[in-house]
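Each chain, written out:
Number of protein chains: 2
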Amino acid sequence: MKQVLAEIITIGDELLIGQVVDTNSAWLGQNLNPAGVEIKQITSVSDNREHILEAIEAARKRADIILLTGGLGPTRDDITKDTLADYFGVGLKVDETALAHVRQLFTRLNRPMLDINEQQALIPENCTPIYNDRGTAPGMWFEDKGQIIVSLPGVPYEMKNMVSTFVIPRLKEHFQMPVIRHRTLLTSGIGESYLSKKIETIELGLPAHIRLAYLPNFSTVRLRFTGRGSNSDQLDKELEDIVELVKKEIGIFLAADSDGSLQEIIGKRLIELNASVSTAESCTGGYIAHLITSISGSSRYFQGSIVSYANEVKESTLGVSAHHLEKFGAVSEEVVTEMAEGVRNKIGTTYSMATSGIAGPDGGTEEKPVGTVWIAVSGPNGTLAKCHHLHGGREQIIERSAFLALDMLRRYLPEAE
Amino acid sequence: MKQVLAEIITIGDELLIGQVVDTNSAWLGQNLNPAGVEIKQITSVSDNREHILEAIEAARKRADIILLTGGLGPTRDDITKDTLADYFGVGLKVDETALAHVRQLFTRLNRPMLDINEQQALIPENCTPIYNDRGTAPGMWFEDKGQIIVSLPGVPYEMKNMVSTFVIPRLKEHFQMPVIRHRTLLTSGIGESYLSKKIETIELGLPAHIRLAYLPNFSTVRLRFTGRGSNSDQLDKELEDIVELVKKEIGIFLAADSDGSLQEIIGKRLIELNASVSTAESCTGGYIAHLITSISGSSRYFQGSIVSYANEVKESTLGVSAHHLEKFGAVSEEVVTEMAEGVRNKIGTTYSMATSGIAGPDGGTEEKPVGTVWIAVSGPNGTLAKCHHLHGGREQIIERSAFLALDMLRRYLPEAE
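As given, the protein sequences belong to chains A and B, one line each in that order. Residue 135 is where the first sequence starts when you use the numbering used here, and the numbers rise one by one after that. Residue 135 is where the second sequence starts when you use the numbering used here, and the numbers rise one by one after that.
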């Protein structure tokens, strides 16, 4: 089956000077892909007429669908609509539905309507308007020489609604889409190159219609298999067979047979185990607690944390022995063990994690250089502690330590019954 | 003076299917702009040889500098290096420095080195290697027909370091850049549109060679004034005059006359005041502590935090009254006040911040909907508490709450003597 290809053109000076990160394109990719549309290229250009036209022309040579976002606002720098009307050699007409919508909006907000707002109801004569429930600028759907050109607002909240309710359903009517299926495995505690070595034979044997991508992020690497075809059952079966082979190869490094994060996986396991967790954090400074609590529903298993940055807090709040602090230093097996056990007792949880290390850039010594991090996990089966030697800047060391602690807990947790 | 134009080409399937949001391009725009380089276009393409080459050829027709990111990893889907070698019609050679660096990295990690890791030290014969202090893949600097083509890793942490330490300095040597001067004001507690209304007259009166960018980030907005010209003294004087006018208009919303973050500003003030701080966090789940400890040297003023997610922890660790918890609920003025005072006493710091709110998506009620957040600040002059009603998803509510707490402390702190 022929692939249906789309290109995205995002328009706006703010994208090129880095004032705004383009999140629209990723959202469009995420939502068009499962519908069977493949994104060939994403192009960002400034609010410049010639450059917009050049980008459209180039995109039409490669793709069936061109999605433009941005440049539909009421101010002088928004030129997408006029540029498109000129491009198709047509004039603008008032769209009565769009005009009534804008009028109603201003009445509801009890604000006077300006000329520039009325002009938002003007659309090129040859387009189908895409009504905007969430703003004033309608989108535009053009059909030309078998290709579809769609112009959408840059405001994510407005754009997303128009794509979900109008653009995707209409594209599905217009094109015969191939079936696209994804399967993702989350691995943890193993680097990209070792992983690739482990599954080399499988990777080399993949059929042409199934592709593998490695997506690394701190101590996790996502393996994403993407299959294309016409029969979804057959694709699912093929992907399933491959994934089973891969899972056998990666063994303990498999964190989850899904697309979740390490903290989500742990959360699910803790709920299954009807267990709770707390953290005692020194060098990670609350970052593990933040990762855990960024998951909705984490209050079901997360009770709390003690960020014991100063040694006095380690003693007074966690009950770490002053003698150990003096004899071994804060970054030591003895202290991190007492931290993990201390917080578990203090807060009263089934499990706990603790970190103590030197995130840098200052504070390193010959014996304990920057990047030396002790991590401990405590639970009903006792306390484990491990020393890591991490590289990178302060931010990197904090983030890697947090993910290493989460991965240590993941391996420590028993399988749910 | 002739403009120096650059284009960015980001390479990777993950960008096109929307698995990863391209943040590299915005960072490059933010950092190349001040150096005198203007970004003409950003293009994202998949790990596909022909398409990468097509994008390079198109970009070279428009720009002086082509920056590629991505596709330099050790795995099979990383094809940028081979593609570039073929494009220039050259072979690959081993770069001994890069090889020694990779070897040293693996020795230090005490891991066996694989063939694919050795291959990372191979570079096209005609390029200057850009050494990677933070990873294994070197970057590549090509000069061809007066144009510069630079290939960088897609990992932001690695890429940023190479751009700051190698690429920008070298571009400045290579091209005659216009004089560019920046002045940045950090504002806090005021939205972009209100801010823009406040300084409308000044903005409209800016001369053509001075541009203003709004850089919003949660409860802070950076105002960056960029002046272009040939005389640096004159530019500095002009910028100074404008900044003084703006400072008068924004008053209390000025967080700092500099480019630091809110947590850096607070850190500096606490050091000047010889004071310390702690946090008691419920809905922010350790995120404020994380923001504070992400600043190097924060151990000089940050003692620790108690993340009291569960009510029992609020009682047992912070001494919040069970009666208040029952009568007013955890998200209340009474409880957040006791949390702030409790952590200040418990950990023994000059100041403290506390948060208690409903980050959602569940847990909201008619009376206290998702987004209801109480924030308190405590210090020698007493305790202040304020209720906010925030919008957005869980992550946004957590992040905005944290920055609102930091801003509340900023305003509470006395001016250093």
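Do not take every clue at face value.
The list treats identical chains as one, so a pair stands whether inside a single copy or across any two.
[Stated by the list, open to error] Quick list of in silico lysine-lysine cross-link-like pairs, DSS-like style, CA-CA up to 30 Å:
#1 Lys382 <-> Lys371
#2 Lys381 <-> Lys461
#3 Lys294 <-> Lys306
#4 Lys332 <-> Lys227
#5 Lys502 <-> Lys402
#6 Lys332 <-> Lys520
#7 Lys382 <-> Lys402
#8 Lys402 <-> Lys279
#9 Lys279 <-> Lys195
#10 Lys461 <-> Lys480
#11 Lys402 <-> Lys306
None of these hints come from the bench; they were simulated from the model.
Checked hints:
With identical chains, the CA atoms of lysine 382 and lysine 371 are at most 30 Å apart within one copy only, with a shortest distance of 17 Å there and 67 Å across copies. When the C-alpha separation of lysine 381 and lysine 461 is checked against a cutoff of 30 Å, the pair qualifies neither within a copy, at 45 Å, nor between copies, at 52 Å. For a Cα distance limit of 30 Å, the shortest separation of lysine 294 from lysine 306 inside one copy, 17 Å, qualifies, whereas the shortest one across copies, 41 Å, does not. Proximity of lysine 332 and lysine 227 under a CA criterion of 30 Å is satisfied inter-copy only: 27 Å between copies versus 59 Å inside one chain copy.
With identical chains, the CA atoms of lysine 502 and lysine 402 are at most 30 Å apart between copies only, with a shortest distance of 27 Å across copies and 36 Å within one. For the identical chains of this complex, lysine 332 and lysine 520 are intra-copy neighbours only, at 25 Å inside a copy versus 55 Å across copies, given an alpha-carbon limit of 30 Å. In the homo-oligomer, the alpha carbons of lysine 382 and lysine 402 lie at most 30 Å apart inside one protomer (22 Å), although the nearest pairing across protomers, at 53 Å, exceeds that limit. Taking CA atoms no more than 30 Å apart as the test, lysine 402 paired with lysine 279 passes in neither setting, with 49 Å inside one copy and 57 Å between copies.
In the homo-oligomer, the alpha carbons of lysine 279 and lysine 195 lie at most 30 Å apart both inside one protomer (12 Å) and across protomers (28 Å), since each shortest distance falls under that limit. In this assembly of identical chains, lysine 461 and lysine 480 lie within 30 Å of each other by CA distance both inside one copy and across copies; the values are 24 Å within and 26 Å between. In this assembly of identical chains, the alpha carbons of lysine 402 and lysine 306 never lie at most 30 Å apart, being 32 Å within a copy and 52 Å across copies at closest.
Checked against the numbered hints given earlier, this structure breaks hints 2, 8 and 11; the rest are met.
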